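Number of protein chains: 2
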Amino acid sequence: MALVLYERLCADDRRPSPPCWCARLALAHKGLTPEIQAIKFTESDRVAFSGQTKVPVLVDGQKVIHDSWGIACHLEDDYPETPSLFGGSGGRALTRMFNHWVDHGLLPALAPILVPYMLAAVHPDDRAYYRQTREARFGMSLEQLALRRAVFREALDPVLEPLRQRLAESSFVCGERPAYADYLAFAAFQWARSVCDVDVLAPQDTTLRLWRRCMLDLFGGLARSVEAYDSAG
Amino acid sequence: MALVLYERLCADDRRPSPPCWCARLALAHKGLTPEIQAIKFTESDRVAFSGQTKVPVLVDGQKVIHDSWGIACHLEDDYPETPSLFGGSGGRALTRMFNHWVDHGLLPALAPILVPYMLAAVHPDDRAYYRQTREARFGMSLEQLALRRAVFREALDPVLEPLRQRLAESSFVCGERPAYADYLAFAAFQWARSVCDVDVLAPQDTTLRLWRRCMLDLFGGLARSVEAYDSAG
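In order, the protein sequences belong to chains Z and E. My numbering applies: residue 1 is where the first sequence begins, and numbers increase by one. My numbering applies: residue 1 is where the second sequence begins, and numbers increase by one.
Because the hints were derived from the structure by calculation, they are not lab data. Accuracy of the hints is not assured; some may be wrong.
Simulated restraints, written as ranges between beta carbons of each label pair [unchecked claim]:
no.	chain 1	residue 1	chain 2	residue 2	range
1	E	Y229	Z	E227	39 to 47 Å
2	E	R149	Z	R148	23 to 31 Å
3	Z	T82	E	Y229	19 to 27 Å
4	E	E169	Z	E81	27 to 35 Å
5	Z	G220	E	Y229	55 to 63 Å
6	Z	M140	E	V151	16 to 24 Å
7	Z	P203	E	Y229	40 to 48 Å
8	Z	G139	E	R149	38 to 46 Å
9	Z	T206	E	V151	27 to 35 Å
10	Z	S170	E	D78	44 to 52 Å
Residues from chain E shown here face chain Z by an in silico Cβ test under 7 Å; the list is partial [stated by the list, open to error]:
no.	residue
11	Q37
12	F86
13	G88
14	G90
15	G91
16	T95
17	F98
18	W101
19	H104
20	G105
21	L107
22	E161
23	P162
24	V173
25	C174
Note that the structure is a prediction, hence the values are computed from the model and not measured. Quick reminder that beta carbons are idealized off the backbone N, C-alpha and C, glycines included.
Go ahead and model the full structure; you've got the sequences and the hints to work with.
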């Protein structure tokens with residue numbers, strides 16, 4: 001059965017989108033290799049068949065699934081013979097809780113650092129759209145946002161502490177082997193290294209840096225295989 | 001076999017300690033009723049037999065377990081016939097991740113609001129100890145901390161967002177039924193209502209308020225059964 005994943009395309013073939021990386025890594029975890037269709041911000045009509053405008057969208061035979069969590073649940077339920085993304089019902093519930101922390105804790109702490117870099121990273125056709133939507137969201141110009149970078153980087157450090165504590169006691173968030181919660185958190189760092197030539201992690205943050213390197217090595221270096229900056233792992 | 005739980009005693013028989021509530025609720029989840037031994041901050045010699053100075057400490061027959069996470073794992077492993085606290089291996093790993101978020105995200109956001117109230121709440125014998133240790137931790141007097149309360153309350157709101165998102169889609173953090181991750185988060189609110197006559201949740205925060213009420217109702221109203229302020233559920 002044909003698997004097609006629609007994900008975000010940026011300039012120079014970069015693929016920074018965190019939810020798209022969650023879907024890519026979840027598919028790899030299940031041993032599945034989708035055909036990739038990459039679309040620009042201003043090409044959302046290409047996923048209109050999914051009933052909404054955002055990526056990722058997965059087409060799996062007759063099924064169309066949007067939203068990275070929906071895709072993860074679909075893969076877990078429809079491919080039960082492959083390695084689990086959640087590790088049981090308790091794991092699914094708590095991975096969803098972790099997903100909300102990533103979306104409403106980790107990514108909001110990273111976004112003001114990375115969004116100004118995104119102006120150069122998005123496809124040239126998307127720049128006007130990107131500037132307009134993000135400046136409206138942050139209530140200031142991307143240049144003003146960039147001027148506050150040092151403040152945002154300092155504020156990121158305590159937000160990372162729960163993850164740091166977990167990875168100080170365990171190789172992966174999910175235990176001895178990585179699973180979906182690891183992909184959720186790693187996707188944020190993959191966004192960073194895709195667009196930003198300065199590492200968001202401090203040199204002395206060895207716990208998080210070691211885990212990030214292990215994540216980059218997974219699935220034959222899948223996350224390393226795309227265009228990104230060497231500065232971050 | 002005799003079960004004894006050592007927990008923190010405060011003034012007027014109050015029991016605000018979050019990790020002690022995690023242990024109490026985990027025991028109730030397993031259908032176990034321990035004998036409670038309540039000790040003041042300045043009575044840590046009473047748990048010296050555990051090889052450390054903090055509560056909770058659980059004595060289960062010949063076994064002595066300290067630290068709320070250690071106690072939860074002990075109960076899960078030694079009472080496998082009773083309802084699970086984690087819901088499988090994935091659930092245990094992710095509950096531990098959630099535990100770190102509570103300890104390094106939620107509780108640090110609540111602490112500067114609640115610590116000034118604690119001066120009145122701790123046992124009179126502990127007040128000098130409490131003031132000294134907490135003023136050293138925050139680098140200011142408890143009175144100065146109290147003056148900034150409005151700032152800390154405003155900062156709490158976004159920290160709660162991941163929990164709010166989860167509870168908007170599910171009755172409990174752990175799904176249809178509460179389990180250890182719910183106790184971890186609820187214990188923070190139980191601390192608040194044990195010591196503070198103003199609700200830390202806004203009146204319009206209906207999602208979190210409803211969940212908190214359900215948590216208070218569990219196990220025959222166990223968490224309601226202790227001395228607390230009515231203002232918060």
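Against the structure, the hints:
no.: 1; hint: E:Y229 / Z:E227: 39 to 47 Å; verdict: violated, 56 Å
no.: 2; hint: E:R149 / Z:R148: 23 to 31 Å; verdict: holds, 26 Å
no.: 3; hint: Z:T82 / E:Y229: 19 to 27 Å; verdict: violated, 51 Å
no.: 4; hint: E:E169 / Z:E81: 27 to 35 Å; verdict: holds, 28 Å
no.: 5; hint: Z:G220 / E:Y229: 55 to 63 Å; verdict: holds, 57 Å
no.: 6; hint: Z:M140 / E:V151: 16 to 24 Å; verdict: holds, 22 Å
no.: 7; hint: Z:P203 / E:Y229: 40 to 48 Å; verdict: holds, 47 Å
no.: 8; hint: Z:G139 / E:R149: 38 to 46 Å; verdict: violated, 26 Å
no.: 9; hint: Z:T206 / E:V151: 27 to 35 Å; verdict: holds, 33 Å
no.: 10; hint: Z:S170 / E:D78: 44 to 52 Å; verdict: violated, 22 Å
no.: 11; hint: Q37; verdict: violated, 29 Å
no.: 12; hint: F86; verdict: holds, 5 Å
no.: 13; hint: G88; verdict: holds, 3 Å
no.: 14; hint: G90; verdict: holds, 2 Å
no.: 15; hint: G91; verdict: holds, 2 Å
no.: 16; hint: T95; verdict: holds, 6 Å
no.: 17; hint: F98; verdict: holds, 6 Å
no.: 18; hint: W101; verdict: holds, 4 Å
no.: 19; hint: H104; verdict: holds, 4 Å
no.: 20; hint: G105; verdict: holds, 6 Å
no.: 21; hint: L107; verdict: violated, 11 Å
no.: 22; hint: E161; verdict: holds, 4 Å
no.: 23; hint: P162; verdict: holds, 4 Å
no.: 24; hint: V173; verdict: holds, 6 Å
no.: 25; hint: C174; verdict: holds, 5 Å
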